[in-house]
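Letter by letter, the chains look like this.
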Amino acid sequence: MSEQQTELVNDEKINLTITTPRGVKFVEEADMLIMRCIDGDLGVLPRHEPVSTVLGEGILRIFNNGIEKKLAVFNGIVEINGTDVDIYTTIAQRPDEIDLERAEQDRREAEAALEAAEEIQMRSLQVTLRRSLVRIEVSLHLEDEETP
Amino acid sequence: MTSMRDIKQRIENVRSTEQIIRAMDMVASTKLQKARRQLEGVRPIYGKLKRVAEEIGNLEEVETHPFYYERKVKNTLYIIITSDRGLSGSYNANILSETMKHMNNGKNEKILVVGSKGNDYLKKREKNIIRKITDIADSQVYYGTENLAKWLSDLYLSGEVEEVFVAYTRFENVLSYTPQVERLLPVATGVKLEDNNRNNEKKYEPDLATFIERMMPLYLHMSLFRAFSESHTSEQAARMVNMDAAGNNASDLIKDLTSMYNRKRQAAITQELSEIVGSANFLSK
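Chains as they are written, first to last, in my numbering: chain A, 1 to 148; chain B, 1001 to 1285.
In case anyone wonders, no lab produced these hints; they're calculated from the structure. Even for Gly, the Cβ is constructed at its ideal location relative to N, Cα and C. There could be a bad hint or two in this list.
Ranges of calculated distance between the beta carbons of each label pair, as one might list FRET restraints [stated by the list, open to error]:
(1) E1063(B) / E109(A): 29 to 35 angstroms
(2) P1206(B) / E12(A): 25 to 31 angstroms
(3) K1255(B) / R22(A): 22 to 28 angstroms
(4) A1137(B) / R22(A): 16 to 22 angstroms
(5) L45(A) / K1107(B): 25 to 31 angstroms
(6) E1063(B) / N15(A): 31 to 37 angstroms
(7) E29(A) / S1251(B): 52 to 58 angstroms
(8) I91(A) / T1017(B): 42 to 48 angstroms
(9) K1107(B) / I91(A): 37 to 43 angstroms
(10) R22(A) / N1058(B): 43 to 49 angstroms
(11) N1013(B) / R94(A): 51 to 57 angstroms
(12) K1107(B) / R108(A): 32 to 38 angstroms
Using the sequences provided together with the hints, build the complete structure.
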């Protein structure tokens, strides 16, 4: 029984589609996805039960044939239905699309501003900080691969 | 009787007008390409989000949710998208007359007008304009509509309006665009969907209310952004087609005037010749 199940998982792939306001941005196959939802990480394997949920600000990790890819995805919603995973979001960035210098700068500025910030600004600064950290991590992931 | 000099002057005038028209035609066609790319980008996400929103509308438990609940309509908000500049043929007239037709049903309407052409038109008719947006830069549309979506849902949830319609011009191809008035809020319930089996036993996490709360701003943003893009693309297409026609008219006019000029010139030469021949004959007698 357990063997059968592993086999099923092995020969089926997730069809991942990411749609942004600039059109359908990614169409990829994957063995496993780990995404950041508003209430924590969610791992998806093929044949997941139909579910729709809300994405937070974080890293979308795509595992395919043992290779891990990372994308920065900020907010949006995801529809999971069997082997189809559709993500609708306003921002989805590949590592090569991220301006690392700018993200570092954003992080420094947000950190500095947070020290003196008032309650009202707190939230937007935290968002900026979180986004810059995600971008930095995604972007560094690419560099690791290039310099093994 | 116009003299040859007058005709020549007129040809010059028409020619310089034609040059301006051709330049505007080119500007419009470049803008059209850009607008079209933007539109084709936003259409898929809008279509999918619309399906998600309507799928939720089919669930029984959302009937009382503010975004889906059909309240008794006292005030209706119209978002009317027109252009800031003219010279686009019947583009503005079409969308405005379509909206006026839609409005004539005795409801209390509030209007958000986009574009100065629509603003002038509705002001003259003393309509209740509660907000106007003019001279919005192309690059600002995306963030502008995001803020607008926020404003819209605040207005809707605070009970100022019970219904929201958006009037825009849908772009089909360069030669055809149709004015359209669509209801944005409340989201339609009980829409027949093509593949109903998707809907069964679907779960929403963390829960349906949170999902709607997070999905709705995105949906409204994309709806507005798409309506703006559709209208903007149609506007550029209309302008391009009209400028093309105007350019052709100018060429025809130049052709007519030139042949008229040539005829006059020929007549003058003939007259001169016959005078010379006549006087030569007289002298040789």
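Cross-check of the supplied hints:
The beta-carbon spacing between E1063(B) and E109(A), approximately 46 angstroms, falls outside the hinted interval of 29 to 35 angstroms. Between P1206(B) and E12(A) the CB atoms are about 27 angstroms apart, so this pair conforms to the stated range of 25 to 31 angstroms. Between K1255(B) and R22(A) the C-beta distance comes to about 45 angstroms, which lies outside the given range of 22 to 28 angstroms. Between A1137(B) and R22(A) the Cβ separation comes to about 18 angstroms, which falls inside the hinted range of 16 to 22 angstroms.
A beta carbon spacing of about 51 angstroms between L45(A) and K1107(B) contradicts the range 25 to 31 angstroms that was offered as a hint. The supplied range of 31 to 37 angstroms is met by E1063(B) and N15(A), whose beta-carbon atoms lie about 33 angstroms from each other. For E29(A) and S1251(B), the hinted distance range of 52 to 58 angstroms is satisfied, since their beta carbons lie about 55 angstroms from each other. Range check, I91(A) to T1017(B): about 46 angstroms between beta-carbon atoms, so the 42 to 48 angstroms window is met.
Take K1107(B) and I91(A): their Cβ atoms lie about 39 angstroms apart, and the range 37 to 43 angstroms holds. At about 30 angstroms, the beta-carbon gap between R22(A) and N1058(B) misses the expected band of 43 to 49 angstroms. Distance hint check for N1013(B) and R94(A): the Cβ-Cβ separation is about 55 angstroms, which falls inside the suggested range of 51 to 57 angstroms. Taken as a hint, the range 32 to 38 angstroms is violated for the pair K1107(B) and R108(A), whose Cβ atoms sit roughly 54 angstroms apart.
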